[in-house]
Each structure stands twice: as structure tokens, then as C-alpha cells.
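Once you have looked at the hints, place chain B on chain A.
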Amino acid sequence: MLFDDPVFASRLLTILTLSFHIIYATIGVGVPLMIMIAQWVGIKKNDMHYMLMARRWAKGFVVTVAVGVVTGTAIGLQLSLLWPNFMELAGNIIALPLFMEVFAFFFEAIFLGIYLYTWDRFDNPRKHLLLLIPVALGAGMSAVFITIVNAFMNAPAGFDIINGQLANANPIAAMFTAAMPTKVSHVLATAYMTVAFMLAAIAAFRLLKGSNHEYHKKALFMTMKIGLIFSIAAVLIGDLSGKYLAEYQAEKLAAAEWHFETEEAAPLILYGMLDENQEVNYALQIPFGLSILAHGYPNAEVIGLDQFPVEEQPPLIIHYYFDLMVTIGMFMLALSLIYWIGIKRRWSFVKAAWYRWLIVLGGPLSFLGIEAGWWMAEVGRYPWILRGIMTIEEAATTSDYVGVMFILFVGLYFILGVGTVVVLRRMFKNDPIEKVLAKQQGGDSE
Amino acid sequence: MSLEVLGISVLWLFLFGYVIVGSIDYGAGFFNAQSIITGKQHILSKIIQRYLSPVWEVTNVFFVFFFVGIVGFFPQSAYYFGTILLIPGSIALILLAIRGSYYAFESYGTRGHKGYAFMYGASGLLIPASLSIVLTISEGGFVSIVNDNPVLDYAALFTSPLTWSIVALSIVAVLYISAVFLTWYAYKTGDTKATDLMRKYALGWAVPLIITASGIVYELSSHNEAHFERIMDLWWMFGLSFILWFATVWLIWKRRNYGTAFWLLVGQFALAFFAYGVSHYPYLLYPHLTIYEGFTNTAMAISLVFVFILGLALLIPSLYLLLRLFLFDKKYVQGIKNKKE
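Protein chains in written order, with numbering that gives the first Met the number 0: chain A, 0 to 445; chain B, 0 to 340.
Just so you know, the hints here were simulated from the structure itself, not pulled from any lab data. One should not assume that every hint holds.
Taking lysine-lysine pairs in the DSSO-like style, the calculated list, with each CA pair at most 30 Å apart, reads [claimed, not checked]:
(1) K45(B) x K126(A)
(2) K187(B) x K126(A)
(3) K187(B) x K58(A)
Residues on chain A that point at chain B, a partial pick, calculated with CB under 7 Å [claimed, not checked]:
(4) L95
(5) I113
(6) P170
Derived DEER-like restraints, expressed as beta-carbon distance ranges [claimed, not checked]:
(7) I14(A) x V304(B): 31 to 37 Å
(8) Q306(A) x D147(B): 33 to 39 Å
(9) W163(B) x K428(A): 44 to 50 Å
(10) T326(A) x D147(B): 45 to 51 Å
(11) W262(B) x V234(A): 55 to 61 Å
(12) D4(A) x H41(B): 50 to 56 Å
(13) I316(A) x G140(B): 43 to 49 Å
(14) N146(B) x Q306(A): 33 to 39 Å
(15) Q277(A) x G140(B): 26 to 32 Å
(16) D4(A) x I210(B): 42 to 48 Å
(17) S8(B) x Q277(A): 56 to 62 Å
This one's a predicted model, so the numbers in the text were calculated from it and none came from an experiment. Backbone N, C-alpha and C define an ideal beta-carbon position, used for all residues, glycine too.
Just chain A, same shape as in the assembly (with noise of 0.2 Å):
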């Protein structure tokens, strides 16, 4: 049967959870900023529209933060249960942000919870905005901590390997290594960046089917500025990203871009094919675009897969991932800001209904952006689980039936989902916001 290598199994079973967690996990992170920005922006402006649209995303933000915590919860005990051995050496080295973002978590936990069920027993609104603080700094340091790990996976540091031994474990080094201050920042403005999208979709949605209420225009202009500002900061990051891995793990950069052979004034190369010989076939090339990523400037010398063995070689199926997250992310990058200059320049366009469907389209292709990212990430690191100490072969458990499990998950993941989007429809359906208004105006919050 397919699965009866627990290694591949728990690769697979791995992948899924992780490609199911990121969708709520970003959402996790990014909400709680956003629902704090529309408190504040009404409390400023007091407008009553701005108040309800932090009530309203505080409303379904419950429903997806506890289907993440349940997925993450999973992803917390697989790690275990799937790579006891990567974990056994990962106690030694890098348990400190693992436990820490427990804590941060717990902190996350215990202030949204007050949050969300004291919406009316404070009579200064500004005493309950603070309370969003600690929940929104609790997300964007648990997604700190969780990127802390991996970057220690891609770069690890902090420790000697003495004949097979580890010794001199420095938890704090490894914390710190080369790889985190770009994973860090990128995972976080993307998460930003994708959640301002993802809501500027629903409110261009509303827009489409029929409402014309100044409540979803306020919150379209909101949330696209926000996602163009996060938009920038995230290519930039990336751009980052690019010259760290050339510096420390230019095998995943080189088999991300098809760079087969080290040379000077290398070209980018976005989409295209390999044929049988590994030559590429319909690429897009950017004269000197990959020396420029790497390394600053158009003449640099970047290394190729010609400077790493075969079997240390990340499978070249990764170049689609990038470009696919490198797209999406110049997409929404260019749709924002054609946007916002649009509102500001009264070009009539960004009004029309094809443009309100692209931002609509922006909201899962953002989603679609991280995934990519994610998979590059992970799938680049190949063969590696810590790259340079463990592969994934010696990481992986022994035991049987993985693959049993894996059909389990995709059954749960399954109702989740599912659950998560019926839920969702349910509660704003019934409930949308001329509803919700026309109910205020008569003088009763709820």
C-alpha cells in the first residue's frame, strides 16, 4: 500500500495539517490587529460603522480561532508523534520558543475570551479596546515563536556536534539564528497582508450581491489600504529573503529558480518547463533578476545546483511554488494599489464591478500566496528536517499505521472546514448589516 513507508506517510500526514493550520493560523494572527485598528479608527472618529465592523469580524473570528487552536493543538502533539527523533534533539535546542509560545498563546487566550464576553460591561469603550492589546500581541508573538523553530530548522545554530554528541547547547543563540529575522517578518506581513485581503474580499462581495451600504465601502477602502501597506512591506521582506538564502541555503534558492549552474549575471527565471535533459522550455527570463534577488547588484555570482550533491538536492517542483507565492504577491500588491490611488484620483474603475470581483478573487488567491510559500519553505529544505544534522528519513517514527491516521485527519479536516464555512454563512447571513443597523437605530444594542 501507498502507505506503508511511515516516512512518507508522515510527510504526508505532516503537510496536510500544515497546509490546513496556516489558513486559520494567519487568520489567527492577522485578525485580532485588524478588529483592533476598526475599534480604534470608530472610537477616533466615532463612528458607529467602524465599531460594528470590530464586533462583527470579533463575531466569526471566534469561530475560526477555535477550529485553529484545535489544529494547532495537532500540529503541536504530531510534531511528536510523527518526528520523535527530530524532536528528541529539538528538546535540547529549541524547546525555549516552543514553551514560549505556549505561554503567548495561553495570554492570547485568556484575554480574547474577556474580550469577547464583555462587549457591554464597560462603560468607557476604550477600557475594552485594551483589552485587545494583550490579544493581539499574544497572536503576533506565537507566530514569532512558531517561526523562531523553523527558522532554526532552516539555519540551525546554538549548539557542537561532538562526535555524534550534542554539547554546548545555547538556547538563546538558537533562537537567534541567521534565517530568523526574514522568516519572522515575512511570515508576519503576509499574515497581516493576507487577512486585510481576505476582508476586503467579503466586503467587496457584499458590494457585488446588492449592498450598497456605506458600512462595506468604509470597510473596502480600510482593509485594501491596509493589505497595500502590508503588500509592500512583505516584497521588500522578501526581497530579503532572496539575498538570506543565498547566503546560507543557496541549494533551496537555486532549485526554487532552475539555477543549475554557478555563474555571474544570472537571469531569473519565472514559470516554464523542464524537459528530460533539465533544460527549461517557455521560462520568462529577467536578464541579471537573480543576481540582483541574491545578491544586490546585476553582475554577482550566484551559486547553482551544480555545487551540491544530488542527493542533497531540493526537488525542483518548489520553483512553481515560488513563483506562484511571487505572483499572487505582486498581484495584490499592484490591485491595491491601483485601488487606492483610484479612490483617491475618482478613476471610475475601481468602482466597477469586474474590479470588485478581482478584489473578491484576492481574498483566497492571497491564501493561495501563503500556501505556496509554505510549501517552498518546507519542501525546499529536502532532504533535510534540520538542515545539515537530520534528515527527514532519520526524523520520521517507526511505527506503523501513519497511514491510517493520515485518512483520519483528512476526514476531520474535512468536517472542519466544512463546518467552519457553513457556520460562518450562517451567522452573517441571517444577520447582515442593514439588519444589524435598523436594530441600533431603535435604541437597543442587543
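For chain B alone, kept in the frame of chain A given last:
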């Protein structure tokens, strides 16, 4: 105190926290489902949702804290337990997911499906059962090392009376802890009907608790003699625990001081839980792994303890705020809304 002992004490303390808050949560789910089936839903559901919805995520963190912490302090336990627990661990995860999604989909969304409520209730009994298997395995006798890898003997595990007596205790304990707590909570809401119902459940599960607990000690006497001897050396802790149990039952029987009764129960379980933990020392997994062999390096241990203290400094005030708002706030508990104006 050595770092090893400090580490395991911290983890054991958090596991104890999980046993208490988790039991309240799991038992409540079961009583909720039971009340739907027996048509007494109106009595219980409201109370259960007022208390459980705001705090279940916090409950879950106790569990995550334990399994992340044990890998940090005792990395080798990841290797041993990670390999052998694939199936029970995955099943527990799926059950936890069903539970979490119930909170997400049912209580926040529109009121729903009976079948879901039933699954939610059943998961409340199955999760403690599947998690308690870990304790059974740690007693030794079910794990052998084949080709350098630990392998779990499922047949031996599932035919051992020890397994089933631990499963029985875990389920009964969940129901008892939960019933005592909910008696108190219902009493605070001023709901006499619910108080009476929960009081009846609490009294009903009190005696089975002692029977199942004694059953385990009896089974251990033949399964793991060394451990049994050490338990006998700590007879006074179990004795004190029994006295506290008696005091709880007496107060509930007399219908007075439900709050004190609950805190006595916490004391009873703390004594028994720590007595069990101390008697298990120094083994994490009989006879393969002790806390000394499996311990992490000193640098990591010190930084974990440091972070732990910092974390507690942050968490304890926050937890206090949470409890004050949801558990000890009279108006909230009784369901009176404070309006803005």
C-alpha cells in the same frame, strides 16, 4: 531541589491543573448530552454554556503546556512516548477536535444538532479514557525495544485489568469533579433545580470514585510491585486525601458550603495526584526512562525555568481577571447583563 525534580514538579502541577479544569469541562459536556436525552436540557444547558464557552480555550492550553513542556524538560520522552503513542495520541487529538469544534460551531453559531451534542458528550468520556492510557503505559510491561525502537504491545495493553481500572477511574473522576463543581456553580446562579440535579450526580459518583481508585492500587500490587511498595510508603497522603473526600461528600450531603466542598475536592485530588506522582519517581516510563536519563541540558533547563517564572508572572494576574469576570462575578453568573448606559 535538583533541576530534574523542579522540572517534573512544574509539569506535574500543570497536569494537575488540566485534570481539574479539564474534568469540569468534559463532565459538563457529558451531563449536557445526558440532559438532552432525558429531556432536562432546560435545567443544565444554560449554566454549562455560561461557564464553559469563555474558558475552554484556556483549558486546552493546560494540555498543550504539558506536552510541550515535557519535550522541553525531558526530550527523550518525545522519542519513547512519541513513537508508541501514535494511535492513542491521534485518537485523542481527533476527539479533542470534535470537542473544540462543538464550541466553535454550536454555541457560537446557531443552535444545532442533537447528534453533535451527543458526540460532544461522548468525547468528554472518551478523551480522559484515551489520555489515561499514557499513565497505564508508563507503569511498564507494555513496551519492548525492537531493533532499537520502542514498540507498544497493544494486545497486552488492552487485555490488562490495570488498563481498564485506570480508564474507569479517569471517567468516574471526570464525572465526580464536574458534578461537584457544577453543584456549586448552579448554586451561585440561584438555580435550585439545577443545583439539586447536580448534587444528586455528585453524590452518586462519590462512592464509585473510591472503589475505582482502590481498584488501581490493587491491580498495581501485581503489575508493578516496586511502584506498589512506594505507594504504600506514602499511605498517609492517600489517607489525608480520603479524609478530604469524606468531608466533601458530607458537606454536599448536608447541602451546605458547596464552595468549600469544591476546594476540599481540589485538595483531595491534589494529595492523591502528587502522592501518585512521588511514588512514580524517578521513572517516566518503567523501566526504560527516568527523569535523570531523559533530562535536557542545564542551559536549556535553566532558561525554561526562567521563562516559566516570567510566564507565570504574566498569567496569574490574567487568570485571576478571567475568573473574577466569569466565575466570581455575581451579575455575570446569574445572567444579568450590565448595560452601557
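message = To test your reading of the hints: which numbers does this structure violate?
response = Those not satisfied come down to hint 15.
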